[in-house]
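Q: Protein chains in written order, with our numbering: chain A, 1 to 233; chain B, 1001 to 1732.
When the alpha-carbon atoms are kept at most 20 Å apart in a straight line, the in silico SDA-like pairs for lysine to any residue are as follows:
id : chain 1 : residue 1 : chain 2 : residue 2
1  : B       : K1561     : A       : G217
2  : B       : K1401     : B       : A1724
3  : B       : K1561     : A       : L214
4  : B       : K1332     : A       : H65
5  : B       : K1561     : A       : V218
6  : B       : K1332     : A       : S66
7  : B       : K1332     : A       : M31
8  : B       : K1328     : A       : E36
9  : B       : K1332     : A       : T37
10 : B       : K1332     : A       : W33
11 : B       : K1328     : A       : H35
12 : B       : K1328     : A       : M31
13 : B       : K1332     : A       : E36
14 : B       : K1332     : A       : D38
15 : B       : K1561     : A       : D212
16 : B       : K1332     : A       : G54
17 : B       : K1332     : A       : V7
18 : B       : K1561     : A       : G216
19 : B       : K1332     : A       : M62
20 : A       : K2        : A       : D38
21 : B       : K1332     : A       : P67
22 : B       : K1328     : A       : W33
23 : B       : K1561     : A       : P213
24 : B       : K1332     : A       : H35
Chain A regions said to be covered by chain B (calculated; three or more residues, Cβ under 8 Å):
id : region
25 : 3-17
26 : 48-62
Hints are computed from structural coordinates only; laboratory data are not their basis.
Small disclaimer: the values here were computed from a predicted structure and weren't measured.
Note that the Cβ used here is the ideal one computed from N, Cα and C, for glycine as well.
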Amino acid sequence: MKAAIVVFPGTNRERDMAIALRRVTGHMPRMVWHHETDLTGLDLVVLAGGFSYGDYLRCGAMAAHSPVMTEIRSFAQKGGHILGVCNGFQILTEAGLLPGALLRNANLRFLSQDCHLRVERADTPFTHKWKKGDVFRAPMAHGDGNYTADQNTLDRLDGEGLVAFRYAAPNGQVVAEETASNPNGSVNSIAGILSENTRICGMMPHPEDLVDPLMGGVDGLPLFEGLVEALVR
Amino acid sequence: MKKTVDESLAREFGLTAEEYARVVSIMGRTPSLTELGVFSVMWSEHCSYKSSRKWLRTLPTTAPWVIHGPGENAGVVDIGQGYAAIFKMESHNHPSFIEPYQGAATGVGGILRDVFTMGARPIANLNALRFGNPETPRTRQIIDGVVRGIGGYGNCVGVPTVGGEINFHPAYDGNPLVNAMTVGLARKDRIFLSAAAGVGNPVVYVGSRTGRDGIHGATMSSAEFDENALAKRPTVQVGDPFIEKLLIEACLELMATDAIVAIQDMGAAGLTSSAVEMAGKGGVGIELDLDAVPQREPGMTAYEMMLSESQERMLMVLKPDRTDVARKIFEKWELDFAIIGHLTETGHIVVKHKGQVEADIPLDPLADQAPVYDRPASQPVVPEPLGPVHAPLSLDEMLIKLIGSPDLASRAWVWNQYDSTVGGQTVRRPGAADAAIVKIEDTSLALAITTDCTPRYCHADPKTGGAQAVAEAWRNITATGARPLAVTDNLNFGNPEKPEIMGQFIAAIEGMGDACRALDFPVVSGNVSLYNETRQPDGSTLAILPTPAIGGLGVLDDVEKAIGLGMQDGKAVVLIGETRGELGQSIWLREILGREDGPPPPVDLAAEKRNGDFVRKEILNGTVSACHDISDGGIMVAVAEMVMATGTGCELESPDSGIRPEAFWFGEDQARYLVCVENAADFCAKAAEAGVPARVIGHSGGNELILPSGVTISAARLVSAHEAFFPALMTR
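If we strip away everything but chain B, and leave its shape as in the complex, we get (with noise of 0.2 Å):
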């Protein structure tokens, strides 16, 4: 078991020759191998983004209401009210392809923990799921464990699972993507940070014992995966939701007290990463006592305990005082409570185990010389314009095939297994509204959340990728009259080494800073989640479609004023912002003609957002009475979708737009909406006013889409259609 530390160690450890070259001068000697586990955890593209930092700083950060920014274990913003909402997403793709059920309910643990330990109670969950071809077998085995380790975890912290999105692409065949979203709720006075402060104040451990689970979890999450990926297993955490459930609660309860300096939840990379981060941000040194760590097995090593990523732990640096206060209300709550060490001015990290010193590493080199790269980069290749394009089938069959299909059918078996209303305070259930509205309990406040990223526009254009990510988490939280605020981001790409890889990568934060700029919408936290590529056989590797996941986070000041998505009686349904029928990249154009190619619909931000703030304005007016964005499938799929909501039919006019039916009934342009209003042509005339494009498409009423052929389609039956895949594909 004893192993040598040396250059080919280093490099099992995933660092290169010249990152272990920098560890020994920094370290003046050779390091020990607990020594060379921190430095090479710290080191990862998980824990230290150096093949993104360069790229992340360019994204704007910073508004009125944005009380912290990405640093911390999670973004802050102002919701009024003297209530602040704190949020972001983080990725767990390698576990959940080892091990769906426990890589996907370990990342719903892990990102409830980035928002509590900031003093928040969990209020909202959300993720973001990509899953292979749904014809293999594998896929849907990943399918089963994932949603199945989402609600399993989820349900039983009691946090509502109330959105998210599904896409499926065979690019993501070998490597599923799995990103988890909470969002919090803290009084603005209360947010806890990670900073310690305070030499001589002790350092505590509390939550789930520490075992052998996980060890190198991040390093593993930070190289692509080969045929041996499924002997990797043994690096997957293992969750228990209710012992989470007892920490949040313990937590809330401490964090109601004076106690606490600093706190962090040990994440990725555990107790090092914890106690690093937690030192090196307050300027301060540390000393850990590995003996006093509750240890779940015996004879574990201090390489074991430092890089173990056991789950259900948090660090915390508490007032020397207050120390009995905070172990009677872990001891209250059945939770271990360890005091494994305190604050010094050395400036180094210190972990003794049995008498010996294991490691001994000063935190500035640490973090400071943390190697940064600035990737050779190709720039993306421009996709062709789309040439002709013919429907071969009727619209009516055309639409019912859609929203049949992958990637547009009902969710509903899914939603299904999540609990979405525990709380009592979920407005807008999955499927309800564009965005989930979850209300402020006490207050008149909602929440309107979402996720979003469409990940073949990012293939075939990065940039214009990223800001349509960007633009339609902010449409669709607009859809609900709520104002947007900030998002939260899960940057998932493949293999940064490559240079047409890094040329996504940097493209697509172009295309988000574009937008969030423009929208004033900017990036609060996030996660980078790189190497999702899968070696084939013949020794190829398959890189994931770029996939810039966004989680955005709107508000409404008055939640009565909230709409949804489905079809009101007796209504003009109006079409906002402008149709050139842009069928390049759209679902129209890959599930009826079988093709992926042409570029995807432009986005003009100025557009975006002069024909959202109409929106929002005439929704809080109390003009509009249901509202929804327009996106994968067009105006067409965009009625069916309110008509299936509530099973109001409307009647559909014929376009009379120069444009080819098919373009204009399933083209995906940007920047639209549906929206239900009483008195068209004085909602049209404010639009006109306001220099916003809008025409009256069909009215509301029946239980049937009626077609401009004529051609009738029940409610019923599209919802038949809507709803057979998930149930079908899960029961095979």
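Only chain A is shown next, with the shape it has when bound in the complex (with noise of 0.2 Å):
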């Protein structure tokens, strides 16, 4: 699998991405500066957490109007896979790759806690080592990570399966209202999405950081294995 991660100035997780990609496919990934524009024999992109441009806008807003997403959006029209991570999920709600927009949490804090997502799909290439209904652990650090889509965009994700991870208590049971499973508020406890062709997701919380038992675990090892399974040439 060849990977590539975007750096946008004020990206801060793209070493933590580095780590875990390099655990699955035994090599650095490629930094791409965002004034790049080649994103030519890449298996994946990654859009890694931080604070692209101060967050000073809205989260993700000025990032998904730099050079490189031209090439990006090119990327995923012809069947590329994107990982947007955090921030990275924040860009890909800006640049209309993926549906919905991510609100200040709910108790309008940053929430830096693990959480737990329940995966909703199991066929995608970023799900696929997991079952469906399969609990994992995630840390999450952001301040801007509540979900939110119109109806209709919310009727057609649940329709489609287009949800890939839910907040959920360890046990699994997703309850929207319930602050201690569903920390920031996101509507229907949508923690990550997927593209309609399930190559392009996004997520808030961090599989990245969970990589390594050293660091209190592996649960998110399934996702970057699953992605090198999934994208081996």
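Assemble the dimeric complex from its two separately framed chains, guided by the hints.
A: Quick look at the structure:
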């Protein structure tokens, strides 16, 4: 799998993501500066977490207009796989590559804690190492992770099975009204979604920060192992 | 706007009549406004350490692993495998009272720059915070702003905030303490220093533009607060963590080349102190052309530019043929880059603006003739012994009350607003071990980092308190299995012109020095914050508790051997160290009996070393599966914290010690640890051989804490009592 991580000014989880990718591929991913416009030969493009452009406008709004985004759109049109985590998810929604938007967390505070995610479908390149209904732990670290979308979009996400992950209790129970299991207040507890062709995935929590027993677990590893298996050439 | 320079203006700038006379004698004439500004900030307490320098010199600062001690931007120690850890702690107390969010945020930004200016990538932030009475709305407002500020800055720059401490006391009502610590990592042969060299070499300004913010911030931080403190808001700087993140990346990229001769951040006293210190250390002169300084607003004067404390700025001396390489890097990161001067052989700092010489000051006397005071000090009063005290409640009632009290309650509400995992190297997050543990990527190494101080001990007996702060930091590092290496100190005290405050300061340093020497734990960097006092409406002043905060750093050669404090199932719980039941100045005494008296627990440094070295050795041997140092709240609170960390319970045995139960369980005797071990008999025999007191006090298992009386408290109930305080306080 040939992977690249896009680095915008203010991206700050590119190193974490590189560690996770290196763990499953055995080599460092390519780092792509946001002025670059060549994404040829890549199987996976990752938009990592951080505060692109300081998030001084809406989170991800500036990065969505960065030069590299033109190439990313064309990469997506050609069926390329894209993973956006945290700020990367926000950028994908701002760029219109995924529907919906991320609002301030419901409690209006930055949230840095572990959450549990329930896998909603297991037949995508991002989720096939899990079974539907599996629950895994992931650190969250964001101020604006409160997913929202209009009713039509939510109906479509549900109807077409485009929700990848929902915030859940450790036993898998999903109760959107409960802050214990749905800390940022996301509508329908949505933590991660997929594009219609399931080749673009955006999620708020950080599977890349739980890929080593030393750091507290390997709950996030199946996502990366699954990508390598699905995108091997 | 045109001000006449005279003694009265000098006084307004914080200089005494004698100091102003010395300025005039050095200059041989009346100084210009800009020159007076330069002298006043360089000679402020904040920059000159004029009250503290004599005593700071008594601290031990060397060890075979110390690469750079005090005098550089931060301390540097060798951690093995070719790497160095670079670290420092610094206060932002005064700004954080005036404007809590920006005060705390720029405190984080400033300490980050002190570390990355030496070539290190920042890998961990910690912060030691002291707030006033939590019952007052102003305290809650300050907590909210400070926590948001630390998070807002640290989260954005992508440096994990992995630990710290919080205390409450009414003595901090008008003067909270915000002490921020950063630890960075560099190759030990790639460390950058600030001494300028090479006459003719260009002086380069990078980072944010200069505005009018923070003018005279250093002077403001060198005076006590009066009722008009909040009117000083314009002296507080405004931070931009996004620019800081770019500055970190750009500087590290430049540092990978050979372009830099010297580099220093513009911190307190901004362009003035960075230019003066770089040239002074290098024994050269420096000429600045302020027309070239990137400016945020039009019409700034030389005085304003030299004294601005605008954030996220660095000053560098580059090799002349490498300026283009450097310029390209800063252009890539979209940061300002300007050649604003050059080094000279005059030995003067010359500041030009709009064709005029605005300042021309000889550097040697500016540094050498800076005032140093041996201020009168009175011997601290030795506290009366604590008479007999009796528990008014049952053990379980007292435990529940203590673990929910402001100083012991869970800090999760605070930590959960700080990104503690970014970087992907956080082995133990806040609360999981006595020290935060951060791995060094691509090595087997990890750093153990902690901040400690018990201000109520320091207030009762500054010398013992100073020693205790160092010992507790050493113990917290030891309890993870790491080898303690060195400390940074942040000495927060009241007005040094008062003999009793100066007495506290001197005694605390004496205690710290004793402990640092006994534990082979030298001071490699630090910061002094004096004048932490607030004038009351009745004219009296309220000083903070003396608070010499210690930031300790240790190393684990093999990160796999690190352990946490969470109770492990099916083990014997062994108490290490001697217990006499010291309740003087204890949390128990304050929270249960409402008293703050008696002497603090004595610190026996030989016992600290012996017990700690034994514990560390056993952790590294693999015989210990959990370890927690015993501090505030004594054995009982330590056991409860271990139980809460994992949810695994513990059945405690009757002490049979000849000590009253409340003194045994809640006494705060030092040099003690609790450990989980498999084979207690073997372990205690080894301890006896090493001359280390050890006894089994309980066995782990189940999910309840079972007291010797048979009363049981579920782990869940402990957790809910522990976690209630902060959310309840902050949602009032």
